[in-house]
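Novice: Throw the hints in and build the complete structure from the sequences for me.
Protein chains in written order, with our numbering: chain L, 1 to 133; chain R, 1 to 263.
Some hints could be false.
[To be verified] Pairs of lysine-lysine residues, derived as BS3-like cross-links and limited to a Cα-Cα distance of at most 27 Å, are as follows: (1) R:K247 to L:K3; (2) R:K106 to L:K30; (3) L:K128 to R:K246; (4) L:K87 to R:K208; (5) L:K111 to L:K128; (6) R:K175 to L:K62; (7) L:K31 to R:K175; (8) R:K175 to L:K30; (9) R:K208 to L:K62; (10) L:K87 to R:K175; (11) L:K3 to R:K254; (12) L:K3 to L:K62; (13) L:K128 to R:K247; (14) L:K87 to R:K202; (15) R:K246 to R:K204; (16) L:K30 to L:K87; (17) R:K208 to L:K111; (18) R:K175 to L:K128; (19) R:K204 to L:K111; (20) L:K87 to R:K204; (21) L:K111 to R:K247; (22) L:K133 to R:K254; (23) L:K111 to R:K246.
No lab work stands behind these hints: they were computed from the structure.
Being a predicted model, the structure only gives us computed values, none of them experimental.
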Amino acid sequence: MTKRFLIRPALCIGCRTCELACSLTHQENKKPGRSRIYPIAVGREQWVPIACLQCDDPACVKSCLVDALRLNEELGYIELLQERCIKCRACVAACPFGCSLIDEEQEIIVKCDLCEGNPACARFCPTKALEYK
Amino acid sequence: MKIQINGRWYEAREGEMVLDVLRREGIDVPALCAHEAVEPYGACRLCMVEITHEDWGGWKGNVTSCLYPVEDKLIVQTHTEDIIELRKTVLNLLLARCPNSPEIQKLASEYGIDTTSFVPREDADNCIMCGLCTRVCTQMGFNAISVAGRGYGREIATPLKEAPPDCVGCLACVKICPTHHIQYEDIGTTREIWGRQFELVKCKQCGKALITREFADYLIENRDIPADYFDICDDCKRSGTARDFKKLVHWEEKEEAEEEVSA
Numbered sequence: 001m002t003k004r005f006l007i008r009p010a011l012c013i014g015c016r017t018c019e020l021a022c023s024l025t026h027q028e029n030k031k032p033g034r035s036r037i038y039p040i041a042v043g044r045e046q047w048v049p050i051a052c053l054q055c056d057d058p059a060c061v062k063s064c065l066v067d068a069l070r071l072n073e074e075l076g077y078i079e080l081l082q083e084r085c086i087k088c089r090a091c092v093a094a095c096p097f098g099c100s101l102i103d104e105e106q107e108i109i110v111k112c113d114l115c116e117g118n119p120a121c122a123r124f125c126p127t128k129a130l131e132y133k
Numbered sequence: 001m002k003i004q005i006n007g008r009w010y011e012a013r014e015g016e017m018v019l020d021v022l023r024r025e026g027i028d029v030p031a032l033c034a035h036e037a038v039e040p041y042g043a044c045r046l047c048m049v050e051i052t053h054e055d056w057g058g059w060k061g062n063v064t065s066c067l068y069p070v071e072d073k074l075i076v077q078t079h080t081e082d083i084i085e086l087r088k089t090v091l092n093l094l095l096a097r098c099p100n101s102p103e104i105q106k107l108a109s110e111y112g113i114d115t116t117s118f119v120p121r122e123d124a125d126n127c128i129m130c131g132l133c134t135r136v137c138t139q140m141g142f143n144a145i146s147v148a149g150r151g152y153g154r155e156i157a158t159p160l161k162e163a164p165p166d167c168v169g170c171l172a173c174v175k176i177c178p179t180h181h182i183q184y185e186d187i188g189t190t191r192e193i194w195g196r197q198f199e200l201v202k203c204k205q206c207g208k209a210l211i212t213r214e215f216a217d218y219l220i221e222n223r224d225i226p227a228d229y230f231d232i233c234d235d236c237k238r239s240g241t242a243r244d245f246k247k248l249v250h251w252e253e254k255e256e257a258e259e260e261v262s263a
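Specialist: Here it is as structure tokens:
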């Protein structure tokens with residue numbers, strides 16, 4: 001069975017180490033990329049880290065008219081083929097969770113790729129709010 | 001299978017074109033009309049390479065790498081004198097067609113051409129007639145624009161040169177154009193492209209706009225996406241997702257974890 005990306009918001013302390021790890025892992029044009037994960041404050045001392053949920057019936061894949069998004073069966077995540085993407089933003093508008101993101105600076109679309117099987121956010125999370133196992 | 005490029009062997013997969021391997025391996029060959037979202041077309045002629053094979057009895061040929069399928073033990077040279085000369089000719093012609101295009105100027109100067117030896121086109125625009133815009137429009141299923149006319153009058157146009165009825169304002173043509181020729185304008189929540197106006201879908205919570213009403217309607221109708229997915233922008237949907245999850249989280253876990261640490 002493929003591993004699962006486990007988010008336990010109760011353990012999140014909102015330190016944003018995951019954002020930093022994500023941003024530095026996804027370096028594009030020799031610059032830190034846009035983070036694909038965001039801890040969102042939902043109350044006093046309460047955060048919910050939000051990243052792509054890798055849906056079983058993904059709206060992003062259905063919305064892509066050039067097949068730039070597809071399920072990577074081996075690693076169990078929705079893969080964005082950057083070379084195929086034509087930046088029409090259909091997936092950004094279609095994702096019901098808001099997890100297809102626009103990197104305005106580089107004018108590209110980005111989404112969580114689980115670091116192709118070794119997510120940096122989970123490795124660096126100090127409280128195990130994020131785990132990949 | 002393996003193919004040889006500039007003396008080194010590289011892995012290649014059945015069914016791919018020589019240019020696919022060149023790009024994957026980061027070998028610098030210019031190409032303006034090739035994009036992975038569409039079928040290869042062979043319009044710009046810049047990706048020409050020399051090919052030969054040990055079984056071909058010394059025969060060599062110059063081909064567009066975007067249209068040449070790989071075969072086992074194919075031998076490719078990307079920068080022979082002939083090939084460089086061919087690319088220079090093409091760039092010389094492109095520079096005459098689009099003398100004001102920064103992309104063409106840069107590429108030409110990389111090949112040592114600063115001014116074209118032909119007569120530059122008068123009132124030149126930046127369209128190199130690569131057809132990427134029309135091909136991606138077809139690929140997406142809209143067919144709103146196409147190539148019209150022949151010879152000198154050949155151009156990218158909408159049907160009858162009027163506002164295109166099948167366009168949804170997705171901007172795929174704008175984003176894919178290698179010379180940034182196709183123009184559009186977003187004013188507030190109105191988008192104008194190809195002489196037609198579109199209304200952008202405004203987020204019901206914050207007003208941010210991502211795509212046009214027509215594009216959203218197309219996706220709702222043809223791609224089986226619920227209509228309400230398009231009501232709210234990505235930022236507001238992320239916050240909404242977090243608020244929804246808040247209700248499901250066992251927040252007491254946090255204190256338990258803290259107790260574990262202190263114990």
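Novice: A separate judgement is required for each hint: does it hold in the structure or not?
Specialist: Evaluated hints:
| no. | hint | in the structure |
| --- | --- | --- |
| 1 | R:K247 to L:K3 | holds (26 Å) |
| 2 | R:K106 to L:K30 | holds (22 Å) |
| 3 | L:K128 to R:K246 | holds (18 Å) |
| 4 | L:K87 to R:K208 | holds (17 Å) |
| 5 | L:K111 to L:K128 | holds (22 Å) |
| 6 | R:K175 to L:K62 | holds (21 Å) |
| 7 | L:K31 to R:K175 | holds (22 Å) |
| 8 | R:K175 to L:K30 | holds (22 Å) |
| 9 | R:K208 to L:K62 | holds (23 Å) |
| 10 | L:K87 to R:K175 | holds (7 Å) |
| 11 | L:K3 to R:K254 | holds (24 Å) |
| 12 | L:K3 to L:K62 | holds (24 Å) |
| 13 | L:K128 to R:K247 | holds (20 Å) |
| 14 | L:K87 to R:K202 | holds (19 Å) |
| 15 | R:K246 to R:K204 | holds (22 Å) |
| 16 | L:K30 to L:K87 | holds (21 Å) |
| 17 | R:K208 to L:K111 | holds (20 Å) |
| 18 | R:K175 to L:K128 | violated (40 Å) |
| 19 | R:K204 to L:K111 | holds (23 Å) |
| 20 | L:K87 to R:K204 | holds (23 Å) |
| 21 | L:K111 to R:K247 | holds (25 Å) |
| 22 | L:K133 to R:K254 | holds (20 Å) |
| 23 | L:K111 to R:K246 | holds (22 Å) |
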